[in-house]
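S.K.: Using the sequences and the hints given, assemble the complete structure.
From first to last, the protein sequence lines are chains Y and A.
Residue 266 in numbering that gives the first Met the number 0 sits at position 267 of the first sequence, and the numbers go up by one each step.
Residue 461 in numbering that gives the first Met the number 0 sits at position 462 of the second sequence, and the numbers go up by one each step.
Rather than coming from a laboratory, the hints here were simulated on the basis of the structure.
Be careful, since some hints might not be right.
Label pairs and their in silico Cβ distance ranges [unchecked claim]:
{"#": "1", "chain 1": "A", "residue 1": "329", "chain 2": "Y", "residue 2": "310", "range": "56 to 64 angstroms"}
{"#": "2", "chain 1": "Y", "residue 1": "113", "chain 2": "A", "residue 2": "446", "range": "53 to 61 angstroms"}
{"#": "3", "chain 1": "Y", "residue 1": "292", "chain 2": "A", "residue 2": "67", "range": "56 to 64 angstroms"}
{"#": "4", "chain 1": "A", "residue 1": "329", "chain 2": "Y", "residue 2": "115", "range": "25 to 33 angstroms"}
{"#": "5", "chain 1": "Y", "residue 1": "128", "chain 2": "A", "residue 2": "307", "range": "52 to 60 angstroms"}
{"#": "6", "chain 1": "A", "residue 1": "371", "chain 2": "Y", "residue 2": "286", "range": "18 to 26 angstroms"}
{"#": "7", "chain 1": "A", "residue 1": "75", "chain 2": "Y", "residue 2": "113", "range": "26 to 34 angstroms"}
{"#": "8", "chain 1": "Y", "residue 1": "288", "chain 2": "A", "residue 2": "373", "range": "50 to 58 angstroms"}
{"#": "9", "chain 1": "Y", "residue 1": "283", "chain 2": "A", "residue 2": "95", "range": "50 to 58 angstroms"}
{"#": "10", "chain 1": "A", "residue 1": "95", "chain 2": "Y", "residue 2": "173", "range": "52 to 60 angstroms"}
Calculated lysine-lysine pairs in the BS3-like style (CA-CA distance at most 25 angstroms, straight line) [said to hold, decoys possible]:
{"#": "11", "chain 1": "A", "residue 1": "321", "chain 2": "Y", "residue 2": "198"}
{"#": "12", "chain 1": "A", "residue 1": "22", "chain 2": "A", "residue 2": "321"}
{"#": "13", "chain 1": "Y", "residue 1": "198", "chain 2": "A", "residue 2": "371"}
{"#": "14", "chain 1": "A", "residue 1": "321", "chain 2": "A", "residue 2": "339"}
{"#": "15", "chain 1": "Y", "residue 1": "180", "chain 2": "A", "residue 2": "377"}
{"#": "16", "chain 1": "A", "residue 1": "370", "chain 2": "Y", "residue 2": "310"}
{"#": "17", "chain 1": "A", "residue 1": "395", "chain 2": "Y", "residue 2": "11"}
{"#": "18", "chain 1": "A", "residue 1": "316", "chain 2": "A", "residue 2": "339"}
{"#": "19", "chain 1": "A", "residue 1": "30", "chain 2": "A", "residue 2": "127"}
{"#": "20", "chain 1": "Y", "residue 1": "310", "chain 2": "A", "residue 2": "339"}
{"#": "21", "chain 1": "A", "residue 1": "339", "chain 2": "Y", "residue 2": "198"}
{"#": "22", "chain 1": "Y", "residue 1": "262", "chain 2": "A", "residue 2": "370"}
{"#": "23", "chain 1": "Y", "residue 1": "180", "chain 2": "A", "residue 2": "30"}
{"#": "24", "chain 1": "Y", "residue 1": "180", "chain 2": "A", "residue 2": "109"}
{"#": "25", "chain 1": "A", "residue 1": "371", "chain 2": "A", "residue 2": "395"}
{"#": "26", "chain 1": "A", "residue 1": "61", "chain 2": "A", "residue 2": "221"}
{"#": "27", "chain 1": "A", "residue 1": "432", "chain 2": "A", "residue 2": "386"}
{"#": "28", "chain 1": "A", "residue 1": "371", "chain 2": "Y", "residue 2": "180"}
{"#": "29", "chain 1": "Y", "residue 1": "198", "chain 2": "Y", "residue 2": "262"}
{"#": "30", "chain 1": "A", "residue 1": "127", "chain 2": "Y", "residue 2": "180"}
{"#": "31", "chain 1": "Y", "residue 1": "198", "chain 2": "A", "residue 2": "136"}
{"#": "32", "chain 1": "A", "residue 1": "395", "chain 2": "Y", "residue 2": "180"}
{"#": "33", "chain 1": "A", "residue 1": "108", "chain 2": "A", "residue 2": "124"}
{"#": "34", "chain 1": "A", "residue 1": "321", "chain 2": "Y", "residue 2": "262"}
{"#": "35", "chain 1": "A", "residue 1": "370", "chain 2": "A", "residue 2": "359"}
{"#": "36", "chain 1": "A", "residue 1": "136", "chain 2": "A", "residue 2": "109"}
Note that this is a predicted model, so its numbers are computed, not measured.
Yeah, the Cβ is synthetic: ideal placement off N, Cα and C, and Gly gets one too.
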Amino acid sequence: MKTQVLNQLKEKAIWFVFVILFIGFAIANERFLTMNNMFTIARQVSMYGIAAIGMTFVILIAGIDLSTGSIITIVNVVCAYLMVNSGFSMTAAIICSLLMATLIGLLNGFMVSTIGIPAIIATFATQTIFEGAAYLLSGGTPVYGFDERFKVIGQGYVGPIPVPVIIMACCFIAGSFILNKTYFGRYFYAVGGNEEASKLSGIRVSFIKYLIYSLSGFFAGLAGIVMLSRTNSAQPTAGKGYEFDVITCVVLGGVSVAGGYGKISNVIAGVLIIGILTNGMVLLNVSSYTQLVVKGIVLILAVGFDCIQQKRKLI
Amino acid sequence: MNNEYVMQLQNIRKEYPGVVALKNVSLEIKKGEILALIGENGAGKSTLIKTCSGAVIPTSGKIMINGKEFSSMTPQLASENGIAIIYQEFNNVGGLSAAENLFLGHPIKKGFLIDKVAMEKEAEKAFKQLNINIDPKVLVKDLTVGYQQMIEIAKAIQQDAQVLVMDEPSAPLTTAEVESMFKVVELLRAKGVSIIYISHRLDEIFRLSDRIVVLRDGEYIKTLTTKDTHVEELIQLMVGRELNETYPPRNSCIDKNKVVLELNKVCGNGDRDISFKLHKGEILGLGGLVGAGRTELAQIIFGAAKKESGQIIFNNKEIDPKTPREAIDIGIALVPEDRKRHGALLQTSVKNNINMPIYKRISRLSVIDSKKEYEIAKKYKEELVIKTPNLNQIVKNLSGGNQQKVILGKWLAANSELIIFDEPTRGIDVGAKYEIYKLINHLVENGKTILLISSEMEELMGMSDRIIVLAEGNITGELRREEFDQTSIMRLASAMKEVKIKNENTGS
Chain Y
0 MKTQVLNQLK EKAIWFVFVI LFIGFAIANE RFLTMNNMFT IARQVSMYGI AAIGMTFVIL
60 IAGIDLSTGS IITIVNVVCA YLMVNSGFSM TAAIICSLLM ATLIGLLNGF MVSTIGIPAI
120 IATFATQTIF EGAAYLLSGG TPVYGFDERF KVIGQGYVGP IPVPVIIMAC CFIAGSFILN
180 KTYFGRYFYA VGGNEEASKL SGIRVSFIKY LIYSLSGFFA GLAGIVMLSR TNSAQPTAGK
240 GYEFDVITCV VLGGVSVAGG YGKISNVIAG VLIIGILTNG MVLLNVSSYT QLVVKGIVLI
300 LAVGFDCIQQ KRKLI
Chain A
0 MNNEYVMQLQ NIRKEYPGVV ALKNVSLEIK KGEILALIGE NGAGKSTLIK TCSGAVIPTS
60 GKIMINGKEF SSMTPQLASE NGIAIIYQEF NNVGGLSAAE NLFLGHPIKK GFLIDKVAME
120 KEAEKAFKQL NINIDPKVLV KDLTVGYQQM IEIAKAIQQD AQVLVMDEPS APLTTAEVES
180 MFKVVELLRA KGVSIIYISH RLDEIFRLSD RIVVLRDGEY IKTLTTKDTH VEELIQLMVG
240 RELNETYPPR NSCIDKNKVV LELNKVCGNG DRDISFKLHK GEILGLGGLV GAGRTELAQI
300 IFGAAKKESG QIIFNNKEID PKTPREAIDI GIALVPEDRK RHGALLQTSV KNNINMPIYK
360 RISRLSVIDS KKEYEIAKKY KEELVIKTPN LNQIVKNLSG GNQQKVILGK WLAANSELII
420 FDEPTRGIDV GAKYEIYKLI NHLVENGKTI LLISSEMEEL MGMSDRIIVL AEGNITGELR
480 REEFDQTSIM RLASAMKEVK IKNENTGS
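M.R.: Below is the structure:
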């Protein structure tokens, strides 16, 4: 009984961290706890949240996707280019760029699953390739001048709630549904827990890997669309370094880097923590360099905590 | 006690929780002799030699080396006292040269630097002494397995080994390589090195050894002088245990008219020309020593390894499963040998494990019917009497026997017709074993067909309707239930045909 309660507390621990951090910032700066700032945070984290769904899947099977930031960038540039220079309709441009993002994910899946390149190297390569491609396509200059309707995705409201927050919520619901209600979710956990035993239980492990990396590409692409609409101009550096924050969110949310364990609900907490941490530090006038130092330490703490848990399990 | 002996093991006993692996085994080895150590799988050979190297600490007993007494060894003590062990897995570093490997751990130095030239010179000398023709500069990864083993031997001699223990040294070698290894071993004997030679190939034992020590079930049985014994006597000693375990009774359920599985000259994964028929309701036992190619055959049938040639016919249809998924979908299941690594998903719940192969079948538009999921898990939990507090318990927390039942439940849920068991009771305690046997009977009584791989001869004989014995990837014989007999199985498993001919030639 006692261990059960303890385990439950451990599972919710990340939410306590969130609450403490929240209260801390609220006390430190009176501008933090305003309605206006809350919505700012919500809008800021929406992109992390959307991309974090795909990353959660990837880390669940003990993989990693470093191409998230570059996919966000290339989607920004391509979607903008299609709308401004190629005369695509808004819908067509969005669909095409999401398709491209998914295909980049599929390419990652091919390299990891079929060729057998370690995920960290394969996705590091695609990161570099599409960062370069975005520059080549945009010529290094921002692309802008979109349809007014396009702004709705990143800047619109439904009642008092910003549209990107609604998109993020839908993504979390979809992610949670996939993980808990469909057989794919069972397969993801199984493959992450033990690839060989999964194969011998009849799971097509390579198909699952293709699927997961494609999903990761898709969600990164969706985050890219939201970002493009928010900023209203495609920057060739739009998503640079984004994967770092997204990975931190997921690991903070308790998804084990060893694979096989993690919950979407806690990833939400991870996303919110990174959100208020970034926002709070800005309000407190912490320099962006110091912010990097802090975020790096947070990642080490999160992974370190997970590794200690893993070691205990082995004993 | 007696200076004639280089090393003596006296009353070595090793207990593990619930098992006695060695029961007061004693063994002596003289200077310059080859002592063969033989016994069935699990007789305790490996455990015994590990006590010499320090890898296993004996519960009681002592080890005497040149008159010095030890209660246990450490790897360092062993090497200081001239004991070297050559395992089946070599300790070579592939990216370093032959000379560098020879001096691994204690290189010849010139100041702070490694003196490559001196090492190469010394290595050349060392190799020459053993009549081995290896270029000291060549990288070890570019050498054949045979030469890599030679380097291991040379390394042991370089470190002044007086007792060299070789664990199944011929297993990875080709016939020609075995010949050269024999020559080196004989040369070492002539130089006064004592050799403990472990092998299950009895022909080698007769060719090489001076004396033979037989172990069985962790007990010392007998020491024989090689020239005064013969194959039949050895086999008798290795298997001569009394059969006292009981097996649950079963009415024969064989339907002679229905062949479920037929293999026709199947080759691949190390196996050659495997042909047999398996009838509905039959339990066909696959006997043989570890490494005989039984697990490998199971992998081919289950689609987990590639078939090179030959036909597999399942329910009158030729099949060629490329993945376990395909095999599962036509009704073939495998309960693998390594339960924890390959069988159960330990971090996953009982419910999810049981449903894992059939999630697609119980889903609509990929959404799981959670009521069905629960009911199926519950059904097999009850049918197989899986002891678990609830269906959401993770499998890791169950006992070995119950884990095995979960794996079985998964295949029953998948409606498998042919179930391949690979060492189904390994690491399972006695009471749970009996329960597994009852379940296997229950399966055939309900129309399932079983292929049973087991290294425990009693289990094989107690459970099978028929036994096929494999040795080194080939079928060496088939026995009907009335022909079951430990000696015959052992003879087939040791691939004794050749030796028999040899013996007849020498007139014994």
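S.K.: Now, for every hint given, state plainly whether the structure supports it.
M.R.: Against the structure, the hints:
1. A/329 x Y/310: 56 to 64 angstroms: violated, 42 angstroms
2. Y/113 x A/446: 53 to 61 angstroms: violated, 40 angstroms
3. Y/292 x A/67: 56 to 64 angstroms: Given about 60 angstroms between the Cβ atoms, the range holds.
4. A/329 x Y/115: 25 to 33 angstroms: holds, 29 angstroms
5. Y/128 x A/307: 52 to 60 angstroms: violated, 39 angstroms
6. A/371 x Y/286: 18 to 26 angstroms: violated, 57 angstroms
7. A/75 x Y/113: 26 to 34 angstroms: Given about 46 angstroms between the Cβ atoms, the range is violated.
8. Y/288 x A/373: 50 to 58 angstroms: holds, 54 angstroms
9. Y/283 x A/95: 50 to 58 angstroms: For residue 95 of chain A against residue 283 of chain Y, whose Cβ atoms are near 56 angstroms apart, the range 50 to 58 angstroms holds.
10. A/95 x Y/173: 52 to 60 angstroms: holds, 53 angstroms
11. A/321 x Y/198: Given that 25 angstroms is the threshold and the Cα spacing comes to 12 angstroms, the pair holds.
12. A/22 x A/321: Violated. Residue 22 of chain A to residue 321 of chain A sits at ~46 angstroms, over the 25 angstroms cutoff.
13. Y/198 x A/371: Holds - the C-alpha atoms of residue 371 of chain A and residue 198 of chain Y are around 23 angstroms apart, at most 25 angstroms.
14. A/321 x A/339: OK: residue 321 of chain A and residue 339 of chain A at ~24 angstroms, within 25 angstroms.
15. Y/180 x A/377: holds, 19 angstroms
16. A/370 x Y/310: violated, 36 angstroms
17. A/395 x Y/11: holds, 23 angstroms
18. A/316 x A/339: It is violated: about 33 angstroms lies between the C-alpha atoms, which goes past 25 angstroms.
19. A/30 x A/127: Holds, at about 23 angstroms.
20. Y/310 x A/339: Holds, at roughly 18 angstroms.
21. A/339 x Y/198: Satisfied, since the Cα-Cα distance of roughly 14 angstroms is no more than 25 angstroms.
22. Y/262 x A/370: holds, 22 angstroms
23. Y/180 x A/30: violated, 70 angstroms
24. Y/180 x A/109: Distance ~68 angstroms between residue 180 of chain Y and residue 109 of chain A Cα, so the pair is violated.
25. A/371 x A/395: Holds. Residue 371 of chain A to residue 395 of chain A sits at ~24 angstroms (cutoff 25 angstroms).
26. A/61 x A/221: Since the Cα atoms of residue 61 of chain A and residue 221 of chain A sit roughly 19 angstroms apart, the hinted pair holds (cutoff 25 angstroms).
27. A/432 x A/386: holds, 15 angstroms
28. A/371 x Y/180: With a Cα-Cα distance of about 13 angstroms, the restraint between residue 371 of chain A and residue 180 of chain Y holds, given a limit of 25 angstroms.
29. Y/198 x Y/262: Holds, because 23 angstroms separates the two Cα atoms, which is no more than 25 angstroms.
30. A/127 x Y/180: violated, 69 angstroms
31. Y/198 x A/136: Violated, because 43 angstroms separates the two Cα atoms, which is more than 25 angstroms.
32. A/395 x Y/180: With Cα atoms ~23 angstroms apart, residue 395 of chain A and residue 180 of chain Y stay inside 25 angstroms; holds.
33. A/108 x A/124: holds, 18 angstroms
34. A/321 x Y/262: At roughly 34 angstroms apart (the allowed maximum being 25 angstroms), residue 262 of chain Y and residue 321 of chain A break the hint.
35. A/370 x A/359: With Cα atoms ~14 angstroms apart, residue 370 of chain A and residue 359 of chain A stay inside 25 angstroms; holds.
36. A/136 x A/109: Satisfied, since the Cα-Cα distance of roughly 19 angstroms is no more than 25 angstroms.
The structure does not agree with the numbered hints 1, 2, 5, 6, 7, 12, 16, 18, 23, 24, 30, 31, 34 stated previously, though it agrees with the rest.
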